[in-house]
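One letter stands for each residue in the lines below.
There are 2 protein chains.
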Amino acid sequence: MTSENDPAPEAPKSGTSGRIVISVDAMGGDQGPAAVVGGMADAADKNPEIEFILHGPETLLQSLVSARPSLSGRCTIRHADGIVTMEDKPGQVMRNGQDTSMWSAIESVRNHEATVAVSCGNTGALMALSVIRLRKLPGVNRPAIACLWPSRNAGGFNVMLDVGADIKAEAQDLLQYALMGASYARNGLGIERPRVGLLNVGTEDHKGGAELKAAQDLLMASTETGRFDYAGFVEGSDLPSTKVDVIVTDGFTGNIALKTGEGTAKLVGDFLKEALNAGLMSRLGALLAMGSLKQLRQRIDPRRVNGGVFLGLNGTVVKSHGSADATGVSAALKLAFRLAKSGYQERLAARVASAAQAGQDAAAKGEQGGNSE
Amino acid sequence: MTSENDPAPEAPKSGTSGRIVISVDAMGGDQGPAAVVGGMADAADKNPEIEFILHGPETLLQSLVSARPSLSGRCTIRHADGIVTMEDKPGQVMRNGQDTSMWSAIESVRNHEATVAVSCGNTGALMALSVIRLRKLPGVNRPAIACLWPSRNAGGFNVMLDVGADIKAEAQDLLQYALMGASYARNGLGIERPRVGLLNVGTEDHKGGAELKAAQDLLMASTETGRFDYAGFVEGSDLPSTKVDVIVTDGFTGNIALKTGEGTAKLVGDFLKEALNAGLMSRLGALLAMGSLKQLRQRIDPRRVNGGVFLGLNGTVVKSHGSADATGVSAALKLAFRLAKSGYQERLAARVASAAQAGQDAAAKGEQGGNSE
Numbered sequence: 001m002t003s004e005n006d007p008a009p010e011a012p013k014s015g016t017s018g019r020i021v022i023s024v025d026a027m028g029g030d031q032g033p034a035a036v037v038g039g040m041a042d043a044a045d046k047n048p049e050i051e052f053i054l055h056g057p058e059t060l061l062q063s064l065v066s067a068r069p070s071l072s073g074r075c076t077i078r079h080a081d082g083i084v085t086m087e088d089k090p091g092q093v094m095r096n097g098q099d100t101s102m103w104s105a106i107e108s109v110r111n112h113e114a115t116v117a118v119s120c121g122n123t124g125a126l127m128a129l130s131v132i133r134l135r136k137l138p139g140v141n142r143p144a145i146a147c148l149w150p151s152r153n154a155g156g157f158n159v160m161l162d163v164g165a166d167i168k169a170e171a172q173d174l175l176q177y178a179l180m181g182a183s184y185a186r187n188g189l190g191i192e193r194p195r196v197g198l199l200n201v202g203t204e205d206h207k208g209g210a211e212l213k214a215a216q217d218l219l220m221a222s223t224e225t226g227r228f229d230y231a232g233f234v235e236g237s238d239l240p241s242t243k244v245d246v247i248v249t250d251g252f253t254g255n256i257a258l259k260t261g262e263g264t265a266k267l268v269g270d271f272l273k274e275a276l277n278a279g280l281m282s283r284l285g286a287l288l289a290m291g292s293l294k295q296l297r298q299r300i301d302p303r304r305v306n307g308g309v310f311l312g313l314n315g316t317v318v319k320s321h322g323s324a325d326a327t328g329v330s331a332a333l334k335l336a337f338r339l340a341k342s343g344y345q346e347r348l349a350a351r352v353a354s355a356a357q358a359g360q361d362a363a364a365k366g367e368q369g370g371n372s373e
Numbered sequence: 001m002t003s004e005n006d007p008a009p010e011a012p013k014s015g016t017s018g019r020i021v022i023s024v025d026a027m028g029g030d031q032g033p034a035a036v037v038g039g040m041a042d043a044a045d046k047n048p049e050i051e052f053i054l055h056g057p058e059t060l061l062q063s064l065v066s067a068r069p070s071l072s073g074r075c076t077i078r079h080a081d082g083i084v085t086m087e088d089k090p091g092q093v094m095r096n097g098q099d100t101s102m103w104s105a106i107e108s109v110r111n112h113e114a115t116v117a118v119s120c121g122n123t124g125a126l127m128a129l130s131v132i133r134l135r136k137l138p139g140v141n142r143p144a145i146a147c148l149w150p151s152r153n154a155g156g157f158n159v160m161l162d163v164g165a166d167i168k169a170e171a172q173d174l175l176q177y178a179l180m181g182a183s184y185a186r187n188g189l190g191i192e193r194p195r196v197g198l199l200n201v202g203t204e205d206h207k208g209g210a211e212l213k214a215a216q217d218l219l220m221a222s223t224e225t226g227r228f229d230y231a232g233f234v235e236g237s238d239l240p241s242t243k244v245d246v247i248v249t250d251g252f253t254g255n256i257a258l259k260t261g262e263g264t265a266k267l268v269g270d271f272l273k274e275a276l277n278a279g280l281m282s283r284l285g286a287l288l289a290m291g292s293l294k295q296l297r298q299r300i301d302p303r304r305v306n307g308g309v310f311l312g313l314n315g316t317v318v319k320s321h322g323s324a325d326a327t328g329v330s331a332a333l334k335l336a337f338r339l340a341k342s343g344y345q346e347r348l349a350a351r352v353a354s355a356a357q358a359g360q361d362a363a364a365k366g367e368q369g370g371n372s373e
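Same order as they appear, the protein sequences are chains F and E.
Okay, so the first sequence: first residue is 1 according to the numbering used here, each after it adds one.
Okay, so the second sequence: first residue is 1 according to the numbering used here, each after it adds one.
It is worth saying that the hints were derived from the structure and are not from the lab.
Warning: the hint list may mix true and false statements.
It does not matter which identical chain is meant; a pair holds if it fits inside one copy or across any two.
[Claimed, not checked] In silico lysine-lysine, BS3-like type, Cα no more than 30 Å apart, as pairs:
#: 1; residue 1: Lys213; residue 2: Lys89
#: 2; residue 1: Lys273; residue 2: Lys294
#: 3; residue 1: Lys266; residue 2: Lys294
#: 4; residue 1: Lys89; residue 2: Lys294
#: 5; residue 1: Lys273; residue 2: Lys168
#: 6; residue 1: Lys266; residue 2: Lys243
#: 7; residue 1: Lys243; residue 2: Lys89
#: 8; residue 1: Lys213; residue 2: Lys273
#: 9; residue 1: Lys46; residue 2: Lys207
#: 10; residue 1: Lys207; residue 2: Lys341
#: 11; residue 1: Lys334; residue 2: Lys46
#: 12; residue 1: Lys46; residue 2: Lys341
#: 13; residue 1: Lys294; residue 2: Lys207
#: 14; residue 1: Lys89; residue 2: Lys341
#: 15; residue 1: Lys168; residue 2: Lys294
#: 16; residue 1: Lys273; residue 2: Lys89
#: 17; residue 1: Lys213; residue 2: Lys334
It should be emphasised that the depicted structure is a prediction, and the values quoted were computed from it without experimental measurement.
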């Protein structure tokens, strides 16, 4: 997927055979390394252009990988003893995590062996390690995690960020999220000029706090530099809507919205299952409609959109769900591949650096001009 | 529904015939007064104990009401010329809204003609008017709007608050929300000792900002006075869960969560409809399962749980969805009736007044004792 007007990307890092190399943390997910290797085998089966560096306990991984013919010759194992658990605090991992598979997985991106890293582990630790080892892009204050949200748009997805990298965001951070999110939508979803909305409790201009109004002013002043359209304030009900491609919010609100959406979809799915099991007629009906219902289940299956992308760093990191099974890991790997292939990281860096400057100029101008109503 | 250990309520206000009187704002909803009167007729049909005072333009309302036999002798019309629109700012309405149907509807609760007011109008204006005309309960700093959330609990619903009365909440406000929400769950849902959770981005103690940690300390110190159990931090995915009966959060986050949940349920419903229309087999299957699917639709229909309740005021106000049709209005009236009948308002006042004092004591003690880990 290329985008005419974006700066030309450097060639993506490729392995010995010209393939895209993905660095994978085998450990730290709820389902253990077998699910991770299963997802890799699935991805390798479907995609001949993909190659892996896998990080974790060598003997264990060797036996898992050798049982998967599709990984033969396409997976290097990098030994790491330590495991970051879901309970570990980010600070501990930053100080003492050098021997962990997570650290090692990020290191492969840092030293340019791989284009992108994927982990199912502890989100806070993964973000902390990514920030200290890969460093923030010039012009970025707070990195963000972006997720894909099922939508009624033609591409099937909207982008929402931040969904939990940080619990706070100032107006300037929200502007950077807009720039990063627009760039992600352009390169990851192929939307030439994404429409960016700010999540709020109402669409009217007077809704929300001072920070959101300041962010609105910054976004309106940055649409040309950032090559997006500003769609105004949007509400929670607009997350799947066609009025917007990218939804920007702080990490606290975004995380609550993401999990509320997932929880609600699961609740409705469970209710549907109960309804179709109630009585002979319903069960017969469900049998007849089985093909369509299966399609529906796939359409709302959170595993299919598995993979939060860390934005704003010198390198791409994809966070898979902690509970991801092989299907979920495979989806995260597919997303990682698509971003690596598009040269997304290099485009993003150039875009944010130039737009951050423009945003600062706009902010300075706004301050001179006083508050607009 | 009575609750043994709560202070005995005063007798609910009742009309000439011993019925519960509900004050209804006929205007300001998206569907106009015909939908409101339709909902009233439906409620009156089902419930012989209900009686109305209806506020709005007399001639118009007279013709709508006289067309509904079930309202005969059970609906007094109170003339009001002015209408609060969705665009009106709360401040304007507070200053110049004396002639509006919304103002008049609240006035009937203020002067004890009715036990509860119901309006489909502008939420911000309704809250502002309710606060200045009914005043806050002793001990309450920020009133809140509570909504019912479909859940897997036996009663079918959890309570969430605040969903948009205010965009901010300090730790002390979150404690008051917990007390008010627990009282609502006890009197409205019949849960003797509700479990209260604080909405956060994770369940671990170290997640979230300083305010949430302070609120957690306050809640833990107030479980006995407030007669609830503290269920800890909960996530967006826990809103429909069985680990909790009441979810406490600030009005910004609560509003986003509420609308995200509604939007997601609608999206899944639309996808289901599409799936069941795809091909002959699916359509036939849907036909056979029609009864169960209809039940499912009702179970996730936001109109069925229509009605946010304003808590923390000297009087109960129920805010119906702006877009509510007759079915939605009828659901809001049913909720209003249930709360009025239970003597909820009088119990709440006593509970909050005593617990607010206890909360302040706990807070003072916490400050003396320093921060707990």
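Evaluated hints:
Within a single copy, Lys213 and Lys89 get their C-alpha atoms only as close as 34 Å, which misses the 30 Å cut-off; across copies the closest is 17 Å, which meets it. Proximity of Lys273 to Lys294 under the C-alpha cut-off of 30 Å is found in both arrangements, the shortest distances being 12 Å within a copy and 13 Å between copies. Both within a single protomer and between protomers do Lys266 and Lys294 lie at most 30 Å apart by alpha-carbon distance, with minima of 15 Å and 19 Å respectively. When the C-alpha separation of Lys89 and Lys294 is checked against a cutoff of 30 Å, the pair qualifies neither within a copy, at 39 Å, nor between copies, at 47 Å.
Taking the shortest Cα distances, Lys273 and Lys168 never come within 30 Å of each other, neither inside one copy (38 Å) nor across copies (39 Å). Proximity of Lys266 and Lys243 under a CA criterion of 30 Å is satisfied in both settings, with 25 Å inside one chain copy and 16 Å between copies. Proximity of Lys243 to Lys89 under the C-alpha cut-off of 30 Å is restricted to the inter-copy arrangement: shortest distance 25 Å between copies versus 39 Å within a copy. In this assembly of identical chains, the alpha carbons of Lys213 and Lys273 never lie at most 30 Å apart, being 43 Å within a copy and 38 Å across copies at closest.
Within a single copy, Lys46 and Lys207 get their C-alpha atoms no closer than 47 Å, and across copies no closer than 39 Å, so neither meets the 30 Å cut-off. Taking identical chains as interchangeable, the C-alpha atoms of Lys207 and Lys341 are never at most 30 Å apart, the minima being 41 Å within one chain and 35 Å between chains. In this assembly of identical chains, Lys334 and Lys46 lie within 30 Å of each other by CA distance solely inside one copy; the values are 10 Å within and 56 Å between copies. Proximity of Lys46 to Lys341 under the C-alpha cut-off of 30 Å is restricted to the intra-copy arrangement: shortest distance 15 Å within a copy versus 63 Å between copies.
Taking the closest pair of Cα atoms, Lys294 and Lys207 never come within 30 Å of each other, the shortest separation being 41 Å inside a single copy and 37 Å across copies. In this assembly of identical chains, Lys89 and Lys341 lie within 30 Å of each other by CA distance neither inside one copy nor across copies; the values are 33 Å within and 50 Å between. Proximity of Lys168 and Lys294 under a CA criterion of 30 Å is satisfied in neither setting, with 39 Å inside one chain copy and 42 Å between copies. With identical chains, the CA atoms of Lys273 and Lys89 are never at most 30 Å apart, being 38 Å at best within one copy and 45 Å at best between copies.
Taking CA atoms no more than 30 Å apart as the test, Lys213 paired with Lys334 passes in neither setting, with 37 Å inside one copy and 39 Å between copies.
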